Structures are given as C-alpha cells and as structure tokens.
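Colleague: One letter stands for each residue in the lines below.
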Amino acid sequence: MSHTVATAEFEGPLALLLELVERQKLEVTDISIAAITTGYLQHVRTLDSQSPEQLSEFLQLGARLLYVKSLALLPKEAGQEQAEELHQLNLELEEYRRYQQAARELGRLSSRSSWQRQAVSRLEPHELPLPDISLARLAEAFQIAIRRAEPTRPQGILRAHISQESIMKSLRRRLSHGAFELHALLDGAKDRLEIVVTFLAVLELIKLAELRVVQSGQFGAITMEPAHG
Amino acid sequence: MANSSTINVLEALLFVANEPLTAGRLAQLTEQDLAEVEPALMQLEAKLANSGLQLVCHNGEYRLVTAPAATEAVRRYLQAETRSDLSKPALETLAIIAYRGPLTRTRLDDIRGVASDTMLRNLLARGLITEQGTATEPGKPTLYAVSHTFLNHFGLASLKELPPLEETV
Chain P
1 MSHTVATAEF EGPLALLLEL VERQKLEVTD ISIAAITTGY LQHVRTLDSQ SPEQLSEFLQ
61 LGARLLYVKS LALLPKEAGQ EQAEELHQLN LELEEYRRYQ QAARELGRLS SRSSWQRQAV
121 SRLEPHELPL PDISLARLAE AFQIAIRRAE PTRPQGILRA HISQESIMKS LRRRLSHGAF
181 ELHALLDGAK DRLEIVVTFL AVLELIKLAE LRVVQSGQFG AITMEPAHG
Chain A
1 MANSSTINVL EALLFVANEP LTAGRLAQLT EQDLAEVEPA LMQLEAKLAN SGLQLVCHNG
61 EYRLVTAPAA TEAVRRYLQA ETRSDLSKPA LETLAIIAYR GPLTRTRLDD IRGVASDTML
121 RNLLARGLIT EQGTATEPGK PTLYAVSHTF LNHFGLASLK ELPPLEETV
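Residue numbers (our numbering), protein chains in the order written: chain P, 1 to 229; chain A, 1 to 169.
The set of hints was computed from the structure by calculation and includes no laboratory data. As the structure is a computational prediction, the values presented were derived from the model and not from experiment. Heads up, some of the hints might be wrong.
[What the hints assert, rightly or not] Below, in silico cross-link-like pairs of lysine to any residue (SDA-like), each with a Cα-Cα straight-line distance of 20 Å or less:
| # | chain 1 | residue 1 | chain 2 | residue 2 |
| --- | --- | --- | --- | --- |
| 1 | A | Lys-88 | P | Ser-111 |
| 2 | A | Lys-160 | P | Gly-107 |
| 3 | P | Lys-69 | P | Ala-35 |
| 4 | A | Lys-88 | P | Glu-94 |
| 5 | A | Lys-160 | P | Ser-170 |
| 6 | A | Lys-160 | P | Ser-111 |
| 7 | A | Lys-88 | P | Arg-97 |
| 8 | P | Lys-169 | P | Arg-212 |
| 9 | A | Lys-47 | P | Glu-94 |
| 10 | A | Lys-160 | P | Gln-101 |
| 11 | A | Lys-88 | P | Glu-11 |
| 12 | A | Lys-88 | P | Glu-19 |
| 13 | A | Lys-88 | P | Gly-217 |
| 14 | A | Lys-88 | P | Arg-212 |
| 15 | P | Lys-190 | P | Arg-212 |
| 16 | P | Lys-169 | P | Glu-225 |
| 17 | A | Lys-88 | P | Arg-104 |
| 18 | A | Lys-88 | P | Arg-108 |
| 19 | P | Lys-69 | P | Leu-93 |
| 20 | A | Lys-160 | P | Gln-24 |
In isolation and in its complexed conformation, chain P is listed as follows:
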C-alpha cells in the first residue's frame, strides 16, 4: 500500500490527515496510527521548505502523530493516555471534516445571489422639492414659458418674418425720433437670428450714411444717431 499523496496541494495538516484517513478507509485508531503517521510524514518531506511557517504547521501535527504512535510502544499505563489522545485527534478531524463538507455545500449555493436596492433612500438637500410650489403656479410658469417661446417658428417662416429690410425700416422709424442706445435695440430681440439680422441692418444703414454709431468712451454706452442729424 502506498502512502504517498503526491500531487494534491493541502491547505493544512488537517486536510492532509483527513485525506490520508479517508483514502485508506481507516479510522485514526491505534491499529492504523502507524500507517497514517508514515504516510503523513512522507508527504511532509515533499513540502516546500521555503515556507517555514506552513511547514511548522505540518510538523506540529506530525509530532503529535508520532507521539500517539510512540505511546503504543510503552507499557499499559500509557494505554489510557493514548486512547485519550486518539479520541481528541478523532474529534478534531471529525469537526474539520464536517466543515469541509459544509464548505462544499456552500460552494454549491454560489449560483444563487440576492441583491438589495441600490437606490438612495434619503433625498439630498438640493434634491428636495422647492417649498410652496403649487400645481397652479407650475401651470402658470408653464404658460409664461409657452408664451415666451411662441415667437420661435419654423425657420423658413422666420426668415421671411425677420428680414433685414423690415428691421432697417423699423430702425429708420426709430432714428426719426432721435438717438437711441444699442442695448435698447438688442433687448427687444427675440432670438439670436434677430440679433444677427439687426446688426446687418445697422451696418447697412451705416453704409448708406443714414446712421452713425457713437461710443462715449471705452466700455461706454453705444449710441445710434441719425447720420444727418
């Protein structure tokens, strides 16, 4: 009978001892302790001595096995002690075996998993709804927004609507009442396109020498006035 367990990597001395006991279908009794001890020590010899900590764990149990084995060689008085030692060893091995079995069962449960909601259970302060916003006020705000948005029409109509000509016309009308500020002109613009067209209209009127742009100083207000005023 070979006692060598050559290939398997054992997590610890108990795992090795258990493997030996199970493989040989033996109990850790005084009859088989000799065989088991031999097998155990043979395996320990193959261990990598680079890891003294691991080795010491194996040696500790090895020493225990040898001690139990040696008790059998002594006269009767040692018999009782040997029985106790064997009993203790059996208990430990049995406990370890049960957990090893439990670990296998646990491993089988690995395909199950549960998840908990990941949602935030408490709203952060900035996420809290604003106070006293009623549904009515929300509706009102919506109406105002809609009204403001109304000038936005499909682009084709918009181009026809805000033509440079019509802006020039209204600029001429304003100029006939005297000078006015650029700001006043642009504040009335409904969108970017209107601002752009207004600038084009201003440039056109300058070119036609109908309008003059005056600035009082750096960063000062820009005023439009009739060129021939």
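Go by the hints and put chain A onto chain P.
Modeller: Frame of chain P, contents of chain A only:
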C-alpha cells in the same frame, strides 16, 4: 394576526431602505409596538415567499432583497460579473464562521489546523465577514461573524437557511 396595513407599510419601508433596519427602528417608523411589528415581519416573510423578493433577517436586522430565482436576470441587468468562485480554503473558512461564528481567530485556527489571518483579511476586504465585538477571554480577541453581504452572496434569507451540518458519525 397583524394588521395587514402594518405589513404593507413595513414592506414599503424595507423597499426604500438601502440599509438593514432593526425591528425596533421599524416599530418607530410605523409608530407601532415592537410586539406588533415582530409578528408582522414574520407575516411579511410568508407573504413574500412566492414572490421575486425575499425578506432577509440577520443579527436582528431586516432587508428586502431579490429572490434567488431571479438571480440570473438581475445579474444581467446589473451587469454584475459572474463572480470568481471563492477558493476552497476561503469557503472552508467562511463555512466555519457561518456555522460557528461569532468566533475568534484562535478558535478558527484550531478547527482548520492552519493560521487563518491572511484568509480573514481577504474575507474582511470582500465584506463577507465583519468584526463583531470581542470575546470575554483574556486579551479580548476580536470575534468574527458573517455579514449581510455573505447572505446576499449565497442568496440566503438567514443563517437558518444554511445547509444542515452533517451529524457526527
């Protein structure tokens, strides 16, 4: 028989909570007596038995989690990686802590016959076990127990659902 509205409110609370809640806290939130909440929780557990959710109880704390039957679909939704399986020694250590915990490292080492500190550190880092107080023996060593994450990992509703430990031959 607990008030069915209490059961429903408990269900709602556990639905929004993203932390385990004790029965005491649930009693506070529902403005009910603890004596009322505890049976209601048991009835909630029974009510959920045939649903996609399950009530988990661990260390007196309750959570609502997805049922194991939904594991694969939820995993796909969360795009959670199919976890790399725990190594044999890791499972062995976990099993001992699950069945025998809370226990000290020394006791764990005794059962396994090897030093377990590295293993303990790994399991702590993965959140599968937690430190749970200290033992009364000299030196007050730390006690280790499995965590809520452990129960999630194995889809268990409580430690009572662990496979029964084999009887001593």
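Colleague: So, against the hints stated earlier in the document, which numbers end up violated here?
Modeller: Per hint list: 5, 9, 13, 14, 15, 20 violated.
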